[in-house]
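> So you can see what is in the structure, the chains are spelled out below.
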Amino acid sequence: MSALGNIIKKELKELLTLSTIIPVIIIALIFGTIGSSMEGIQEGFQEEPILGYINEDDNNLSRIATSYIENNSDVVFLSSDIADKQYGLEEIKQKEGLALIVIKENFSREILNDSRGEIEVYWIMKGAGIFDSISSEVVERIIGSLNSEISKFLIENNTTVNASIALWPTSRLDTTYFKDRVIELSPGTIAGMLSTQSTFIPIVIMMLIIFSGQMIISSMAMEKENKTLETLLTLPVKRTSIVTGKIAASASIGLLFAVIYMIGMSNYFQGFQMSGMLNLADYDLILTSQDFILVGISLFITLIAALALCMLLGTFAKNYKSAQTLVFPVTMLAMIPMFITMFVDFDTLPLAIKGFLFAIPFSHPMMAPRALIFNDYLLVIGGIIYVSLFAFVMIILVVWVFKTDRLLTGSVKRNRFSIFKKRK
Amino acid sequence: MISVEVKNLVKNYGSTEAVKGVSFTVNSGEIFGLIGPNGAGKTTALRVVSTLLQITSGSVNILGIDLRKKPDEIRKLISYLPEDAGAYKNLTGRAYLRFIANFFEKNTQEIVSLGIEIANLGDKIDDKVDTYSKGMKRRLLVGRALMINPKLAILDEPTSGLDVISAQEIRKIIKNTAMRGTAVLLSSHNMLEVEYLCDRIALIAEGKIVEEGKPKFLMDKYSANNIEEVFVQVVK
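Chains as they are written, first to last, in numbering that gives the first Met the number 0: chain B, 0 to 423; chain U, 0 to 235.
Hints are computed from structural coordinates only; laboratory data are not their basis.
All the pointers check out, no bait thrown in.
Taking lysine-lysine pairs in the DSBU-like style, the calculated list, with each CA pair at most 35 Å apart, reads:
id	chain 1	residue 1	chain 2	residue 2
1	B	Lys8	U	Lys88
2	U	Lys220	U	Lys171
3	U	Lys150	U	Lys207
4	B	Lys226	U	Lys88
5	U	Lys133	B	Lys402
6	B	Lys317	U	Lys133
7	B	Lys12	U	Lys88
8	U	Lys68	B	Lys237
To give an idea of the chain B side of the interface with chain U (calculated C-beta under 7 Å), a few residues:
id	residue
9	Asn225
10	Thr227
11	Val236
12	Asp404
Think of the CB as a built atom: it goes at the ideal place given N, C-alpha and C, for glycine as much as any other residue.
Go ahead and model the full structure; you've got the sequences and the hints to work with.
Given below as structure tokens:
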């Protein structure tokens with residue numbers, strides 16, 4: 000074999016191990032899954048939305064609206080009396096519909112009298128994730144097209160309405176029912192306002208967990224690589240003190256990060272609360288100071304859990320290089336809830352995925368802010384209790400490993416995972 | 000007075016028997032050497048005595064304390080210097096010694112002063128460990144191991160990586176430490192070192208002690224000129 004070939008073979012042998020290949024495969028699978036989900040959503044985008052429709056105006060312009068809605072959606076509730084609104088909403092909720100569209104009594108007359116005809120839309124919003132708000136876009140499109148159809152009719156029939164009304168003859172009044180809350184905004188606007196919870200928070204928390212986790216795994220690996228661990232273990236210090244000391248130090252740094260994060264997040268929220276025409280406080284879509292404390296507790300407990308889990312993984316690290324590989328499971332456990340909470344609301348998930356998401360300890364601070372805005376204290380406090388138990392069990396396991404030979408001998412069988420095993 | 004009493008010590012790693020029923024004693028003020036080829040079980044035996052590894056069977060008593068029952072108590076009495084030990088790279092030599100001294104319920108300043116004296120690194124004691132040569136690091140670690148005046152010093156290849164002069168200094172320090180009453184249990188590949196340092200030695204092969212006695216006694220027994228010849232004859 001040539002010298003070059005010999006070097007290439009050696010490098011491949013060192014670099015191409017199962018522990019380096021598995022992360023790549025899993026990341027490919029995650030992206031594949033996201034791709035499939037996107038495909039599913041696009042299909043949903045083309046499906047006719049389930050709607051309810053009340054038309055109190057029996058005139059030519061409202062008939063255009065009726066005809067358009069009936070042709071482009073699956074109308075599961077139809078009425079001509081606004082008194083049926085509540086019943087209609089229940090019916091739509093039951094059939095997993097999206098909205099109840101109401102054409103008021105004077106709709107046609109108002110338009111012909113140079114006023115915009117009012118369309119009331121009562122939305123049933125299920126979640127505030129990125130994917131959740133896509134379905135309402137279909138209804139928005141129908142209402143937009145309906146507006147164009149009426150406009151076309153007015154222009155084609157040379158009506159005497161003024162130009163601006165002819166070009167945009169309708170106005171909309173949105174009311175959204177979301178998590179026992181009635182908000183006079185459209186789901187798209189609400190989702191936009193809550194986008195900080197959907198995107199910003201999960202990403203920051205994911206980074207925080209990975210960074211802190213990497214810190215403690217590397218610390219364990221460095222103790223082994225620098226051969227300081229053996230000395231430490233023969234000193235008159237209890238194993239629990241070593242474990243607690245390492246976790247406490249990393250947690251202090253983590254807490255510092257959490258405080259910085261909370262201050263940043265608080266300022267970020269305040270900035271958005273008063274942004275543009277909308278004030279989140281007017282819609283009661285803000286976190287109170289108690290809520291911020293709960294988010295902080297959730298974040299801190301999760302950090303402790305993450306650090307304890309990472310320390311457990313760190314006990315298997317042989318050196319700094321292997322520590323980088325061991326961070327991978329933690330990265331996955333932080334990325335999965337990040338993607339789920341970014342795209343979908345916890346409440347809209349199937350029960351099995353809800354359970355899966357709840358079981359991942361890192362999900363909880365990601366879900367906490369949105370849950371607290373909608374007063375879902377059970378989810379947040381339940382999450383804090385669960386994560387505390389998880390952290391406690393992890394710490395017990397780490398102390399147990401520190402009391403066994405595994406800490407010093409655990410990496411002996413590492414080469415079993417090498418793809419290029421030595422030939423016997 | 001017996002400081003260390005090891006009886007029928009067995010240590011298994013899974014199905015591999017690393018130490019197969021080893022017994023020996025070390026008296027206070029005595030230097031006892033474990034000598035054997037690579038993989039004989041020396042380091043495993045030292046690691047068990049230093050509380051790092053759990054005992055599979057047998058017993059280890061240090062100053063009458065059962066290691067299996069009270070490892071935390073044992074750690075107050077011993078000091079272990081692993082063969083390839085390291086120190087925290089971001090600390091200075093002095094800060095490292097202080098860090099270790101803080102674990103002991105004694106006068107920290109006195110301990111650190113003794114450590115600095117043993118390490119004999121001059122002004123370099125205030126430099127970061129990261130800048131030390133292998134020999135300097137080893138001297139710092141020997142200083143660390145002996146500065147607390149332990150009841151038992153467990154030294155695995157104490158002069159490994161040191162130049163001749165430094166090695167000689169360390170040997171003198173070990174001798175002086177033993178003279179102050181510390182029991183020393185060491186392993187070494189350097190037969191001259193063993194002959195010079197040890198009051199008694201045990202030759203270990205394949206996890207078993209195959210010969211034990213004073214160096215002079217063993218040399219006479221095997222009609223050998225030095226311990227190296229004894230070692231070769233016994234291990235063969």
